[in-house]
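If you read the protein sequences in the order shown, they are chains A and B.
Under our numbering, think of the first position of the first sequence as 1, with each following residue one higher.
Under our numbering, think of the first position of the second sequence as 1001, with each following residue one higher.
Simulated from the structure, these hints should not be mistaken for lab results.
Hints may be right or wrong, so weigh each one.
Label-pair distances were calculated between CB atoms; the ranges are [as the list claims (entries may be wrong)]:
#, chain 1, residue 1, chain 2, residue 2, range
1, A, V197, B, P1181, 51 to 57 Å
2, A, P41, B, S1217, 23 to 29 Å
3, A, G157, B, L1192, 14 to 20 Å
4, B, P1181, A, R204, 46 to 52 Å
5, A, P41, B, D1131, 31 to 37 Å
6, A, G157, B, G1193, 22 to 28 Å
C-beta: ideal position from N, C-alpha, C; glycine also.
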Amino acid sequence: MGGEGLKIVVLIKQVPDIERVRFDVETGKIDRSSAPAETNPFDLHALEAAVQLKERVGGSITVISMGPRQAESSLRDALARGADRAILLTDTRFAGADTIATSRALAAAIRKLGGFDLILCGEKTVDGDTGQVGPEVAEILDIPHVAYVSEIREISGDEVIVVSDMGDKYLYEVKLPALLTVTRELNTPRLPALRDVLRARRKRIELWSADDLADYEDPSRFGIKGSKTIVVKVVVPKVEHRRGVIFRGGDAAEKLLKVLEEGGFVKP
Amino acid sequence: MSGGVLVYAETTDSKIHPVSFELLGKAREIAEKLGLSVWSVIIGFGVRQSARELIYYGADRVYVYDHESLKDFNVLAYKEILVKLARETNPEIFLIGATPLGRSLAPRVAAALDTGLTADCTDLWVDEDGDLIQVRPAFTGNILAHIKTVSRPIMSTIRYRVMPMPKRDEGRKGEIIIKDPPEEIDARIRSLGIVSRRKVNLADAEVIVSGGRGLKSKEDLKMLEELAKLLGGVLGVSRPLVDEGWITKDHQVGFSGNTVKPRLYIACGISGSPQHLAGMRDSETIVAINIDPSAPIFRHADYGVVGDLYEVVPKLISMIKEVKGVSRP
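One chain only, chain B, in its complex shape:
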């Protein structure tokens, strides 16, 4: 086995982003088809200990760049490392998570290597000619494009939570190679730290209760949030509410917000624009509550309630409280 499928393992605060494990699972599958190895690269400070995790999830070899100067994400420094490593190791395929960080970093690496990059893929497979097919949604998910890359390495960014999470196997063996950090960090960009943390993490939520234009006032979001909490979930919204300034963008579900895939998605007063559907249509169970029986959201729902959310939701809340034995105030 000479060539490899290289996976960039993204870290925040020296913790590996789970998309990296999903990519290793996919890389394993492709590598076995093509007779390649799976390599991974991790960059940061205090990340050395995590290298073994990457082996447990499927890497045969892990390149580690662990240095204080690499603690904060610096797109120029990280790019330089990845470009140099790719030139040294000549991977066939190079996969990066389509997180905000990955989508900022990958294009620079691709441009430096003068190779093709396919953004935000939702599937990858090897076709009968042995070529890698990269599938990505286009036009807010109305079509799926199948893309081949004619240059090497083939580079793609892959969406979080579309590939299955592989099984962690502590019995897996692999090689860890500690690499020197770059002698000089490109100082044209300086990270001054985090100014605010994300308040809600929609991508990882199991249950999301979302509100849309059917809400009459900002205060009414509290009602949906109460329902979300009772179900062990978080509050989402459609774009108009963010545009109105009712709530921050980290709550926004849709094409220009977050793509989500919870076990349960409850859309309240959301008509179901293509822009919104693009962000939630892969949810496991979809419930829609809407007063308009012709709202497009009903065509994408497992269960629909045609009714006024101001009647249905409070009733539902009090019934759930009863079941759960939560005493009324």
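Just chain A, same shape as in the assembly:
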């Protein structure tokens, strides 16, 4: 941590609203136009943590995302919430990336930024749900990481003390630079004020292509070319047939009790 405070990088992803997105049952394809895009909810907690740390010890926040141009709206929102700089990795050569190819691109972008102290991201994204990109980025950058961080207790010049919620809660002391993936319990993201939203509108979002990262990673390791996993098929799971017996009226509880007794759940 230099004289100018903590240099924080926050990784964010734009995702479809998972509660509303529809699927074509025939093809198993996701109809992305059926739901509005939003910032991955977990990442907003990472950004909030970054803003709180900056308020506490000073520093700067750079948000990085990878995706199509429409992801700019998530980055602009991040600027309104307190980020100082926003970078979008956007290029058809990034498209179709699995987690390792995504991580290579993000790690290359972080290297290109120069020095950093702390990288924050959500514990997972609601669309991919792998939780792999954070730890993979940390491995590629050869820095320690802690996953499922539910509390940042202390941060000093060269280390951070955090609680990791892995069922049981573990306390870890970690040397900086480090990467933390955060849970929703860490904080409550604040909504940006109107004046910050307006100010963010005038800020520039930097667009980086695969070529812009070529000094830091071989671009053949990005996107679908750099991916090691292939989705060969997508199927809509058969909804398990349930009996669907419905009880109504005054003796519903009695009927339910009978079911529980027959199932062996209630024994004299």
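Assemble chain B onto chain A, guided by the hints.
Only chain B this time, still in chain A's reference frame:
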């Protein structure tokens, strides 16, 4: 048999996590199809005695890293061991439980080995071409993706309690190889111990009684907890109640909480959002109590009670007490 299917045996307090046995069962099945051996690796302190258990559940060979310096989970030290072992032994397939620990550790190992990793699989099989198909739910379980890996080892994390538990067989023979711990433990991460234990273990519960938005106040959770206890179960909740701060996240059932598979799941005042269904739809018997007959939860229930939970649940509690012979206060 030259190659192997490697299974990471996870431990807490030198006890093996049961997901490791489930993985050994699956590994056995795949290994037999592909003409491979089953290997396992266990890391920790005081874990040497447990190596034989891994053989009883299906391992042909167990690599043991048993040292005081490995007592607490250190992602960098454990990663280094697994990467080195994978480079030495060249497994075809490498399976890790999709527990919080596994999901933190596996991506680092995969990135270091520059290989593909499929997260949170619910099924694995060998197809007619001899390729491993990894099945994982995506988009809160609305779709299932079938995934192949083009690099080696093929790595996957596998969800707890989706694979059947294999039979323990004390007659099984296998080889135990004691390995040296790393000369130096990466000190960039230091574990300072456990600050709080999980209060409830939903994943292992046989009966779960859950409450949702239909509850009027935090106090009413006590009523559901009473029902849960009478049925020998534990209390669960849907996400909104955790967001409200009524209860801790270890009670949360759903996509962003715990995936559960009890013998009996009773949803009280839970409408059945995709996020909640993703966490409990594999339960053996599902009961829903809800005042709204159009609540989606009824489409996923074996038995539904359309009614006010504030009438149904107290009535049920007193009737169960009667059956059990519990005297009323």
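Status of the hints after comparison with the structure:
no.: 1; hint: A:V197 with B:P1181: 51 to 57 Å; verdict: holds, 54 Å
no.: 2; hint: A:P41 with B:S1217: 23 to 29 Å; verdict: holds, 26 Å
no.: 3; hint: A:G157 with B:L1192: 14 to 20 Å; verdict: holds, 18 Å
no.: 4; hint: B:P1181 with A:R204: 46 to 52 Å; verdict: holds, 51 Å
no.: 5; hint: A:P41 with B:D1131: 31 to 37 Å; verdict: holds, 35 Å
no.: 6; hint: A:G157 with B:G1193: 22 to 28 Å; verdict: holds, 24 Å
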